[in-house]
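A.B. asks: So the sequences go chain by chain: A and B. Position in the first sequence (first residue = 1) + 2 = my numbering. Position in the second sequence (first residue = 1) + 678 = my numbering.
Hints are not guaranteed to be accurate.
[To be verified] Here are some, though not all, of the chain B residues that point toward chain A, as calculated from beta-carbon distances under 7 angstroms:
# : residue
1 : A715
2 : S804
3 : D808
4 : Y861
5 : A864
6 : A867
7 : A873
[Claimed, not checked] Quick list of simulated restraints, FRET-style, between CB atoms:
#  : chain 1 : residue 1 : chain 2 : residue 2 : range
8  : B       : P725      : A       : P66       : 19 to 29 angstroms
9  : A       : K88       : B       : V712      : 46 to 56 angstroms
10 : A       : G73       : B       : T889      : 42 to 52 angstroms
11 : A       : G84       : B       : S801      : 24 to 34 angstroms
12 : B       : T885      : A       : K313      : 48 to 58 angstroms
13 : A       : S130      : B       : R699      : 30 to 40 angstroms
14 : B       : V712      : A       : P66       : 41 to 51 angstroms
15 : B       : K797      : A       : G73       : 45 to 55 angstroms
16 : A       : D24       : B       : R699      : 48 to 58 angstroms
17 : A       : D24       : B       : G871      : 30 to 40 angstroms
18 : A       : H219      : B       : K797      : 28 to 38 angstroms
These are computed hints drawn from the structure, not numbers from a lab. Using N, Cα and C, we set each Cβ at its ideal position, and we do this for glycine too.
Take a look at the letters that make up each chain.
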Amino acid sequence: MSLAMSEPVLSVRDLSVSFCSDTRTVHAVDHLSYDVAPGEVLAVVGESGCGKSVTAMAVMGLLPPTARIGGSIRLGGREIAGASEKELGRIRGKDIAMIFQEPMTSLNPVLTIGRQIGEVLRRHQGLSKKEARARAVELLGLVGIPAPAQRVDEYPHQLSGGMRQRVMIAIAVACDPSVLIADEPTTALDVTVQAGILEVLQSLRERLGTAIVLITHDLGVVADTADRVLVMYAGRPVEQAPVDELFAEPRHPYTHGLLGAVLRPGGEGKRRLPEIPGLVPSLDTQPEACTFAPRCAHADDRCATSRPGFKTLAPNAGAAAGAAHRAACWHPQHAPALMPTTREAGQ
Amino acid sequence: MTTALPTTPARTRSAGSGKLRALRKNRLAMTGGVIAAVFVLAALFAPLVAPYDPARPDFADALAAPGWSHWLGTDDLGRDQLSRVVYGARASMQVGVLAVALAFVVGVPLGLLAGYYGKFTDSVVSRLTDTMLAFPFLVLAVGLAAVLGPSLTNATIAIGISQIPAVIRITRAETLRLRHVDYVAAAVANGGGDATVLFRHILPGATSALTVQATVGIPAAIIGEALLSFLGLGVQPPEASLGVMLSGAQSFLAPAPWMAVFPGLAVVAATLAFNLLGDGLRDVLDPRGATR
């Protein structure tokens, strides 16, 4: 994986996001750093409420004004954290685009899909109405919508969920962005449609060289599509590794837990699916401890009193900066996990 | 992978035609719609519809009871009541449409701004709205008539102003709701500027609420016009208006009750018709009412 060698298109450094209300402060994201190389697919995984979506919204500059953002976000070498709405308006949809979780509600019901795709093209590329429409037809074809010339004049309610998600993708890639953030793009869709959407994303990555940040909690999707995985817990990174390595040798107990909770067909006969006990902690306190300790089977006194750093683990071979295997744990696990191989997990 | 994704028949049917069908099924709304249409047509084509000149007196035929030559009778000056009702409807419709238009032109942008930008803008607009709501409509109309002189135009302005707060509030509420809808967030994420987001993505979503508000605003304006003209603050005689006719009929209630009955009926019919239509539209356009 030589991807890590090239200059990252998206570089997030020490990103912190907190939400302040009158009574308390919630630290949704805490010192998160990651890089995405051109054409790379980085999967960000974790339970609900661990800061995956907030990270994405922060990168897009879409957080509400109540959010406080710290750290640096560089897109193609340009600092975009703290950029003005006007600057962001020029970047969004052009250099960086986002696909949302809910295709059923993410399209404006009163405009034809052709117009909604065309809107982005006309805004960022100054195309005429006619040119934008022609390009919209092309894009619909690109994302695998049959009979695009007819479909372009249809309204969102005339399309199924999967088709709408394809339209959302078409809008997102219309201006050939260098980074595409997909926030749970397949969660609202059924499995067969899911496969199609992932296939479209893959082919776009190959054809256009778009880097993709794939936010998901579906490890099957991760195994299928990602190059590298970042595991988040309670707003912090806990493990990061190339996908094969993560599935073959997860080091953080939380990653173990996530992988252990994946349902596999056949499997070990009738047994209770292992789960991670407890819930994601509330994010308004920041104790000097490992945030995962209360739910961790391997926790000891040290875990309860000091926070482990996010360190590169020694035995990792491909130690090139981006591909390094890193984890934040005092007791990284060594036992080859009872995990499925990448292929199995994808099924 | 397969490209042909199945769509259910329910989805392929256009939502617009479904709503129209639902409206057609609603008998009350249809009745209201037909009556309202009659009023609109009468107002538009008043010179063609009216059998007589509404302002031409015929003293030989004063206070004539309804009959073949004058279907709705004549008034104390012998003017044809039917012609006057038709022209009165024209004044009513004119005020109804223009006052609502005025309220929308001022209220919709203010509501959009207040709902979208929030904070200071919202506080200013909302307090302004509260102030306007606290100000009695009649005092405003009388004041305006006192300053600018009584006329149909000034009555329209007064009625329009009195309807602004409702429009602001509805637009603001819809904007607040739509601001957080996924497709608006998606439009922002695709680089949409404030103007694009407000006018292309938020405003169209607010149209159903605003349509209903318009159909409620028109009858309110019609009543307002009748009221102001009745008080001598609106249409000035000899011009015809339902309010002017009612006002003139006061002295002749016993000898010529038709002078009061027909313009009164016209006001009732017009307001009822638009209200029924508005109710029907609300039932059809409000997604929560869909199960009813």
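A.B. asks: Under the criterion of a CB-CB separation shorter than 7 angstroms, is B/A864 in contact with chain A as hinted?
C.D. replies: Status holds, d = 5 angstroms.
A.B. asks: Closer than 7 angstroms between Cβ atoms is the bar; does B/A867 clear it against chain A? Give me holds or violated.
C.D. replies: 5 angstroms, holds
A.B. asks: Given a hint of 48 to 58 angstroms, does the C-beta separation of B/T885 and A/K313 actually sit inside it?
C.D. replies: 57 angstroms, holds
A.B. asks: Should the hint that A/D24 and B/G871 are 30 to 40 angstroms apart at their CB atoms be regarded as holding?
C.D. replies: Given a distance of about 32 angstroms, which is inside 30 to 40 angstroms, the answer is holds.
A.B. asks: Could you check the hint for me, namely that B/P725 and A/P66 are 19 to 29 angstroms apart, CB to CB?
C.D. replies: 58 angstroms, violated
A.B. asks: Close enough to count: is the Cβ of B/D808 nearer than 7 angstroms to one in chain A?
C.D. replies: Result: violated, 25 angstroms to nearest chain A Cβ.
A.B. asks: Holds or violated: B/Y861 as interface residue toward chain A, Cβ cutoff 7 angstroms?
C.D. replies: 5 angstroms, holds
A.B. asks: Given B/S804 as an interface hint, is the shortest Cβ-Cβ distance to chain A below 7 angstroms?
C.D. replies: 19 angstroms, violated
A.B. asks: Does the Cβ distance between A/H219 and B/K797 fall inside 28 to 38 angstroms?
C.D. replies: Holds, since A/H219 and B/K797 (Cβ atoms, about 35 angstroms apart) stay within the stated range.
A.B. asks: Can the suggested window of 45 to 55 angstroms be confirmed for the beta-carbon pair B/K797 and A/G73?
C.D. replies: Violated: the Cβ-Cβ distance is about 26 angstroms, outside 45 to 55 angstroms.
A.B. asks: Does the closest beta carbon of chain A sit nearer than 7 angstroms to the beta carbon of B/A873?
C.D. replies: Hint on B/A873: violated, closest Cβ of chain A at ~11 angstroms, above 7 angstroms.
A.B. asks: Has the hinted range 46 to 56 angstroms been met by the Cβ atoms of A/K88 and B/V712?
C.D. replies: 52 angstroms, holds
Checked against the numbered hints above, the structure violates hints 1, 2, 3, 7, 8, 15; every other hint is satisfied.
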